[in-house]
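*Asks:* Listed below, chain by chain, are the residues.
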Amino acid sequence: GENVEQHPSTLSVQEGDSAVIKCTYSDSASNYFPWYKQELGKRPQLIIDIRSNVGEKKDQRIAVTLNKTAKHFSLHITETQPEDSAVYFCAPNTGGFKTIFGAGTRLFVKA
Amino acid sequence: NAGVTQTPKFQVLKTGQSMTLQCAQDMNHEYMSWYRQDPGMGLRLIHYSVGAGITDQGEVPNGYNVSRSTTEDFPLRLLSAAPSQTSVYFCASKNRGTYGYTFGSGTRLTVV
Chain A
9 GENVEQHPST LSVQEGDSAV IKCTYSDSAS NYFPWYKQEL GKRPQLIIDI
59 RSNVGEKKDQ RIAVTLNKTA KHFSLHITET QPEDSAVYFC APNTGGFKTI
109 FGAGTRLFVK A
Chain B
1392 NAGVTQTPKF QVLKTGQSMT LQCAQDMNHE YMSWYRQDPG MGLRLIHYSV
1442 GAGITDQGEV PNGYNVSRST TEDFPLRLLS AAPSQTSVYF CASKNRGTYG
1492 YTFGSGTRLT VV
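Chains A and B supply the protein sequences, listed in that same order. Just add 8 to the spot in the first sequence (first one is 1) and you have my numbering. Just add 1391 to the spot in the second sequence (first one is 1) and you have my numbering.
Treat the hints with care, as some may be off.
Computed cross-link-like contacts, DMTMM-like style, restricted to lysine to aspartate or glutamate with a CA-CA straight-line distance of at most 20 Å [unchecked claim]:
#1 Lys106/A - Glu1421/B
#2 Lys1400/B - Glu1463/B
#3 Lys76/A - Glu91/A
#4 Lys45/A - Asp1429/B
#5 Lys106/A - Asp1447/B
Derived contacts from chain B toward chain A, CB cut-off under 7 Å, selection only [said to hold, decoys possible]:
#6 Tyr1439
#7 Tyr1455
#8 Phe1494
#9 Ser1496
It should be emphasised that the hints constitute simulated quantities derived from the structure, not laboratory data. For glycine and all other residues, C-beta sits at the position ideal for the given N, C-alpha and C.
Work out the full structure, taking the sequences as your base and the hints as a guide.
*Replies:* Quick look at the structure:
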């Protein structure tokens, strides 16, 4: 089955700095690479995703980059704000029905 | 659309009791899943379903049963609650051919 690892497990940045979270996966058949954000006490929500035929995707201050050869993809957040503080999960999959999530990265943005 | 609705939001059980966590979605999604999230940890897959009448086990299925008699509903049953099942439970759904999950608001379960 899919083995998913996220690094780092905790990340603390100063407001305005950039943050990068990396997700490594094992299943070479994975072709969909999403990131979810979970604020304290809330449900996970999809914030950005990328398909395997695209190397990078941006949406305002967040971006996802994919390296299929090395089997990893990353979440980039620029100009971080306190409201970016949350736990972020990756969940690489084939679009099928059994999705394994990474263990999560807790991001703290200090004002 | 209500999306994915979970009930109850909070529950306290005694060891050995049984209960059913309810999950319903009104988006006509084929795929539904149950995850548990322990403090400071990620989401672990308990059971999933690819359509009415079809279910399968995830990473941590022991102690839980599921059924899928309709497209809309996917209840999770705890047969004999144990303190190790204290967790937050999330139900999630998506449609065939789509990739991102929609999550319910969660059920916080405490077993004493």
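*Asks:* Work down the list of hints and note, for each, if the structure agrees.
*Replies:* Hint check:
no., hint, result
1, Lys106/A - Glu1421/B, "13 Å, holds"
2, Lys1400/B - Glu1463/B, "19 Å, holds"
3, Lys76/A - Glu91/A, "31 Å, violated"
4, Lys45/A - Asp1429/B, "16 Å, holds"
5, Lys106/A - Asp1447/B, "9 Å, holds"
6, Tyr1439, "6 Å, holds"
7, Tyr1455, "16 Å, violated"
8, Phe1494, "4 Å, holds"
9, Ser1496, "5 Å, holds"
Violated hints for the displayed structure, listed by number in ascending order: 3 and 7.
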